[in-house]
Structure formats: C-alpha cells, structure tokens
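The task is simple: from the sequences and hints, build the whole structure.
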Amino acid sequence: DTAVSQTPKYLVTQMGNDKSIKCEQNLGHDTMYWYKQDSKKFLKIMFSYNNKELIINETVPNRFSPKSPDKAHLNLHINSLELGDSAVYFCASSQQGSGSEKLFFGSGTQLSVL
Amino acid sequence: RKEVEQDPGPFNVPEGATVAFNCTYSNSASQSFFWYRQDCRKEPKLLMSVYSSGNEDGRFTAQLNRASQYISLLIRDSKLSDSATYLCVVVANTGGFKTIFGAGTRLFVKA
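Here the protein sequences come in this chain order: V and G. Last residue of the first sequence? That's 114 in our numbering, and every number before it is there in order. Last residue of the second sequence? That's 111 in our numbering, and every number before it is there in order.
I should point out that these hints are in silico values taken from the structure, not numbers from a laboratory. Accuracy of the hints is not assured; some may be wrong.
Said to hold, decoys possible - Label-pair restraints from in silico Cβ distances:
#, chain 1, residue 1, chain 2, residue 2, range
1, G, 1, V, 26, 35 to 43 angstroms
2, G, 55, V, 17, 43 to 51 angstroms
3, G, 26, V, 84, 20 to 28 angstroms
4, V, 96, G, 52, 20 to 28 angstroms
5, G, 108, V, 102, 21 to 29 angstroms
6, V, 112, G, 95, 32 to 40 angstroms
7, V, 77, G, 22, 33 to 41 angstroms
8, V, 79, G, 80, 31 to 39 angstroms
We treat Cβ as the ideally placed atom computed from N, Cα and C, and that holds for glycine.
See the structure below:
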C-alpha cells in the first residue's frame, strides 16, 4: 500500500544509454514532482506537474524528459546518460501543489552511470 | 549565496541533550516553511511545518523570524532514534510554487 512508489530502486548503466524511472502515487494527489539528490546531498527540484501539465521545469538538460500519462503517474526518461547524472532521484506528490502542503516522497532510485 | 543555508554539522550529542539547528533563506518572498527529516538512504519525511508564531510538537519546537529570514528547530531530550539529517525547506511563489531544500544538518545522538 505504498503511497508513492517508484521503480527501479537501483539502476546501474553505461554512459550513453537511455533509461526510464517510473513513479506512481495512489493518494489522489494533483501534483507530482521529480527531485535529484546529488553526492553532496542537495535535494533539487527538477520538474513539477499538476494534473498532467508541466508547472515547473528547472534548468534541467533536455536529455531529461518527464511524461505524465495521467495524474497518478509521472515517469522520467533520460537520454544519453552521462557520469554526472549519477544521483538518487526521488519522485514526490502533494495534494494541490499550493506550496503549503506536505510532500510525500517515493523511496528513491539510485542511478549509477559507469 | 545559497537560497537555503544550513550548518551541515554533524552534531554529536548524548542522549537527553537539547540541540538546536539554524537555517537562513535568501528569498524574502518565501511563504511556507518546513522541517523534513531524512534517514540514511531513505526518502525525506515531513517533521513539522513552521508557523510565524512558532510551534511545538512534543520534543520539537520550530521558530520563524521573517525579518531575519531565519528558521530554527529545537530538539529537547534527544533520543537515539532522532539521529538523522534534518532538512530546512522553504517554499517561494515564483510563478509556480517552488520548494527549496537546504542541504541538511546531520545529527548523531549517542548513548
């Protein structure tokens, strides 16, 4: 009954490959997010979607493409992976995206690019 | 200057101690404030919201000083289970609500 679930938990791949991370939330929330936590532990927002529409797109390379088929899913596709993409990626959701709400996070996907 | 700054620590304290964490933010238009907790290799989880008048939840007290753009978290009677990283979180409305996380302060509580 995990509220926000993301797969896979670990992803090890070679430079130049294309990979996807999936995220699903069963909380009925309208807003979903992707965050990246790097080796220095900074947690930075990458994208925010509200009801399948892109709301926030930080300065993320266009090799990263989020896809939201419905408001319960926000997948992250990464093309031409680079060493610097190695990090932990967290999916999250919130009720409406009003800024005053609790964020619910998935357990993270540890991506290692070799 | 980072948007949200915290002392990275680590703070090493004995059980029962009182420990305080500080956080400063740069955007004066920030409107919501939180403390999250992150255990090693786990996802962040909300610890508490921070209100202008200050608020308390059991052993945890959070305070906000908008004039100084400063947030604090006080933990009284520390438990071993309090060992974690504490993330200061600030939300600003920049044409969409943007949640900014500090890098976190690590706390180790020892027996």
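Quick rundown of the hints versus the structure:
Separation of residue 1/G from residue 26/V is about 39 angstroms and conforms to the stated range, judged on CB atoms against 35 to 43 angstroms. Look at residue 55/G against residue 17/V: about 47 angstroms separates their beta carbons, and that is inside 43 to 51 angstroms. Distance hint check for residue 26/G and residue 84/V: the Cβ-Cβ separation is about 26 angstroms, which falls inside the suggested range of 20 to 28 angstroms. Checked against the hint of 20 to 28 angstroms, the pair residue 96/V and residue 52/G passes, with Cβ atoms roughly 22 angstroms apart.
Evaluation of the 21 to 29 angstroms hint for residue 108/G and residue 102/V yields a pass: the beta carbon distance comes to about 26 angstroms. A beta carbon spacing of about 35 angstroms between residue 112/V and residue 95/G agrees with the range 32 to 40 angstroms that was offered as a hint. Residue 77/V and residue 22/G have their C-beta atoms about 39 angstroms apart, which keeps the hinted 33 to 41 angstroms range intact. Taking the beta carbon of each, residue 79/V and residue 80/G are about 45 angstroms apart, not inside 31 to 39 angstroms as hinted.
Hint violations for this structure: number 8 only, all remaining hints satisfied.
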